[in-house]
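Undergrad: Sequence:
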Amino acid sequence: MPKVLVVDDEAHIRELVSLYLKDEGFEIVEKSNGVDALEYAENHPVDLVILDILMPKMDGWVLCERLREFGEMPILMITAKGEAQDRIHGFKLGTDDYLVKPFDPVELVLRVKALLKRYRISTSNIVKLGSLSLDRSSYQAIGEDGKSVTLPMKEFELLYKLGSYAGQLFTRDTLIEQIWGMDYEGDERTVDVHIKRLRERFAEYEGEFKIVTIRGLGYRLEVKRH
Numbered sequence: 008m009p010k011v012l013v014v015d016d017e018a019h020i021r022e023l024v025s026l027y028l029k030d031e032g033f034e035i036v037e038k039s040n041g042v043d044a045l046e047y048a049e050n051h052p053v054d055l056v057i058l059d060i061l062m063p064k065m066d067g068w069v070l071c072e073r074l075r076e077f078g079e080m081p082i083l084m085i086t087a088k089g090e091a092q093d094r095i096h097g098f099k100l101g102t103d104d105y106l107v108k109p110f111d112p113v114e115l116v117l118r119v120k121a122l123l124k125r126y127r128i129s130t131s132n133i134v135k136l137g138s139l140s141l142d143r144s145s146y147q148a149i150g151e152d153g154k155s156v157t158l159p160m161k162e163f164e165l166l167y168k169l170g171s172y173a174g175q176l177f178t179r180d181t182l183i184e185q186i187w188g189m190d191y192e193g194d195e196r197t198v199d200v201h202i203k204r205l206r207e208r209f210a211e212y213e214g215e216f217k218i219v220t221i222r223g224l225g226y227r228l229e230v231k232r233h
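In the numbering used here, the protein residues as written are 8 to 233.
Mixed in with the good hints, there may be bad ones.
Under the rule of at most 30 Å between Cα atoms (straight-line distance), these lysine-lysine pairs were calculated in the DSS-like manner [unchecked claim]:
id : residue 1 : residue 2
1  : K120      : K99
2  : K10       : K168
3  : K120      : K154
4  : K124      : K29
5  : K135      : K29
6  : K88       : K135
7  : K135      : K154
8  : K29       : K217
9  : K231      : K154
10 : K168      : K124
11 : K108      : K161
12 : K161      : K88
13 : K10       : K29
14 : K135      : K120
15 : K135      : K161
16 : K203      : K29
17 : K108      : K135
18 : K203      : K135
19 : K135      : K64
20 : K99       : K154
21 : K99       : K88
22 : K108      : K10
23 : K29       : K120
24 : K64       : K154
25 : K108      : K29
26 : K161      : K29
27 : K64       : K10
FYI, nobody ran anything at the bench for these hints, they're computed from the structure.
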């Protein structure tokens, strides 16, 4: 299931949000301030962020802006501020939706699900590539024989992204932005190196799926139908 990062300095709000989302099967990570939340999001895959505005160390405005610098993910703001100018400011910084405290937890769940659907984020952690299963909860690739291989995070995220949208072309720039983040200082050859490693690692599955190079454009993953 998708991983949701909940950021609020009020413990009871985090607990309320976590309770309702866990009941729906979501994986929840809680942080009490923007600095810790940003550090986590920079080093771990996150599918959606729920954040408060008024927080210590780094407020929600800055956190939202920083999150937008290194990747696309749904962002839902929860705050006591309900003025129109605050909502407009939040949308300008990149938030996707807005809830004002006190809020109905059921409405929160519905909005989270709507955002995930809008971003086309699967509600499952498993992607099937022929007989190979990619489990995002453990970063493992599991074969039909039950044998598993734990992949480095970037390799896994790259294969998982391509596999989640089999047949869709991704440019190198898009992959850099979505996997490494917009603030990545390397070049697009990083993608080529990781693609090469994935091809070598899963050479035995070439009859079931393959990563195709579209010259001058990028890559797409093709799953062979039997």
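Undergrad: Now look at each hint and say whether the structure bears it out.
TA: Here's how the hints hold up against the structure:
A hinted pair counts as satisfied when its Cα atoms are at most 30 Å apart, and K120 with K99 qualifies at roughly 22 Å. Our distance criterion of 30 Å between C-alpha atoms is met by K10 and K168, whose separation comes to about 15 Å. Note on K120 and K154: the hinted pairing is violated, with a Cα-Cα distance of about 33 Å set against a maximum of 30 Å. For the hint pairing K124 with K29, the CA-to-CA distance comes to about 18 Å; that is within 30 Å, so the pair holds.
A C-alpha spacing of about 25 Å is found between K135 and K29, which places the hinted pair at or below 30 Å, so the restraint holds. Of the supplied pair hints, the one linking K88 and K135 is violated, its CA atoms being roughly 43 Å apart against a limit of 30 Å. As the CA atoms of K135 and K154 are separated by approximately 15 Å, the hinted pair is consistent with the 30 Å bound. Proximity of K29 to K217 is assessed by CA-CA distance (about 35 Å); at most 30 Å being required, the pair is judged violated.
Simply put, K231 and K154 have alpha-carbon atoms about 22 Å apart, close enough for the 30 Å limit, and the pair holds. A threshold of 30 Å between alpha carbons decides the hint, and for K168 with K124 the separation of about 16 Å falls inside it, so the pair holds. A hinted pair counts as satisfied when its Cα atoms are at most 30 Å apart, and K108 with K161 does not qualify at roughly 37 Å. Restraint check: the Cα-Cα separation between K161 and K88 comes to about 38 Å, which exceeds 30 Å; the hinted pair is violated.
Distance check on the hinted pair: K10 and K29 sit about 10 Å apart at the alpha-carbon level, within 30 Å; holds. Under the criterion of a C-alpha separation no larger than 30 Å, the hint pairing K135 with K120 is consistent with the structure, at around 22 Å. Between K135 and K161, the direct Cα distance comes to roughly 18 Å. Compliance with the 30 Å bound is thereby established for this hinted pair. With a CA separation close to 38 Å, the supplied pair K203 and K29 exceeds the 30 Å bound.
For the proposed pair K108 and K135, the alpha carbon gap of about 40 Å is over 30 Å, so the pair is violated. Under the criterion of a C-alpha separation no larger than 30 Å, the hint pairing K203 with K135 is consistent with the structure, at around 20 Å. Distance hint between K135 and K64 is unfulfilled; the C-alpha atoms sit about 41 Å from each other, more than 30 Å. Among the hinted pairs, K99 with K154 is inconsistent with the structure: their alpha-carbon atoms are about 47 Å apart, more than 30 Å.
Taken as a hint, the K99 and K88 pair is honoured in the structure, with Cα atoms around 16 Å apart against an allowance of 30 Å. The straight-line distance between the Cα atoms of K108 and K10 is roughly 23 Å, inside the 30 Å bound, and the hint therefore holds. About 13 Å separates the Cα atoms of K29 and K120, which keeps this hinted pair within 30 Å; it holds. For the proposed pair K64 and K154, the alpha carbon gap of about 45 Å is over 30 Å, so the pair is violated.
With a CA separation close to 20 Å, the supplied pair K108 and K29 stays within the 30 Å bound. Using a Cα cut-off of 30 Å, the hinted pair K161 and K29 holds, with the two alpha carbons roughly 27 Å apart. Annotation: proposed proximity of K64 to K10 holds, straight-line Cα distance about 24 Å (limit 30 Å).
Going through the hint list in order, the structure does not satisfy hints 3, 6, 8, 11, 12, 16, 17, 19, 20, 24.
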